[in-house]
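Residue numbers (the numbering used here), protein chains in the order written: chain A, 29 to 140; chain B, 274 to 390.
Simulated from the structure, these hints should not be mistaken for lab results. Wrong hints could be hidden among the right ones.
[Said to hold, decoys possible] Below, simulated DSS-like cross-link-like pairs (lysine-lysine); rule was C-alpha separation at most 25 Å, straight line:
hint, chain 1, residue 1, chain 2, residue 2
1, B, K337, A, K132
2, A, K132, B, K314
3, A, K85, A, K99
4, B, K328, B, K287
5, B, K293, B, K339
6, B, K328, A, K45
[As the list claims (entries may be wrong)] Listed next, with one range per pair, are the computed distances between beta-carbon atoms:
hint, chain 1, residue 1, chain 2, residue 2, range
7, B, S327, A, Q31, 27 to 33 Å
8, A, S140, B, T355, 41 to 47 Å
9, A, T68, B, G334, 24 to 30 Å
[As the list claims (entries may be wrong)] To give an idea of the chain B side of the interface with chain A (calculated C-beta under 7 Å), a few residues:
hint, residue
10, S316
11, I366
12, F381
13, E383
For each residue, glycine too, the CB sits at the ideal point set by N, CA and C.
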Amino acid sequence: KNQVEQSPQSLIILEGKNCTLQCNYTVSPFSNLRWYKQDTGRGPVSLTIMTFSENTKSNGRYTATLDADTKQSSLHITASQLSDSASYICVVSAQAGTALIFGKGTTLSVSS
Amino acid sequence: GAVVSQHPSWVICKSGTSVKIECRSLDFQATTMFWYRQFPKQSLMLMATSNEGSKATYEQGVEKDKFLINHASLTLSTLTVTSAHPEDSSFYICSARDLTVSTGELFFGEGSRLTVL
Chain A
29 KNQVEQSPQS LIILEGKNCT LQCNYTVSPF SNLRWYKQDT GRGPVSLTIM
79 TFSENTKSNG RYTATLDADT KQSSLHITAS QLSDSASYIC VVSAQAGTAL
129 IFGKGTTLSV SS
Chain B
274 GAVVSQHPSW VICKSGTSVK IECRSLDFQA TTMFWYRQFP KQSLMLMATS
324 NEGSKATYEQ GVEKDKFLIN HASLTLSTLT VTSAHPEDSS FYICSARDLT
374 VSTGELFFGE GSRLTVL
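From just these sequences and the hints, can you work out the full model?
The following block contains the structure:
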C-alpha cells in the first residue's frame, strides 16, 4: 500500500534554531518527492521537488534530502524565523507522476 | 510561475443553499485538477480528481451528489456544495498539475473558506 508518513506531527522551536522534518514513504514505483509549506488559511506552496537521482536540493534556508534506497526524505530548516511557522507537507508522486500520495504534515511553530 | 486561482476566497451561506467554488489555472492548461477539504489543524484530504471532459473521480466516503464537480475546460474546474449544512463548513483547496513540466509540477490555489450558518 502506498503511504507517506511524516514525523514529528508537531514541533516547537526557538527563533534562530535549526530543525529537521522527516518523511518516510512506501510508494512504488517512485517518481518524485515534493515538500510544500502551508501557512494557516492559505494554499500550500512548493518548496522543493526531487526526482530519483537527486540527493539534495536547497531553496534558501530550506534543504531537502532524499535517500531513494531507504525511501526517506528530510527537510532541514536553517536559522528559523517566525514566518517559518506553518505546516510542512510531503507529497510523493507514483507511477510516472500520475498518482500523488500526501503525508499528513508536520506543524512547525517558531517562537521568539 | 504557474498560478492557480480560486474564487471566492471566503463565502458565508445559509443552510440549505448551494455554493459554487471556481478553480482556474491562469497560465497553463490542466487536464486534471484536484479538490481537497481541510478542517482546522488537520491535513489536506483529497475529495476528488476532476478530469476535463469527463466525470470526476471521487475518493471513498465523498458524496458525489453532494459535491458536484465540473471540469468544462482545460483551465476551469468548479466544485458545487449542494444543500450545504453547517458540517460542510471547511477550507476547500484545489490544485492543478502543469504537465508541460517533466515533474508535473503541482500548484495549489489559495483556498476557499466556506461557512454555513
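Inset, instruction - Go through the numbered hints given earlier and state which of them the structure violates, listing their numbers in rising order. - result: Those not satisfied are hints 4 and 6.
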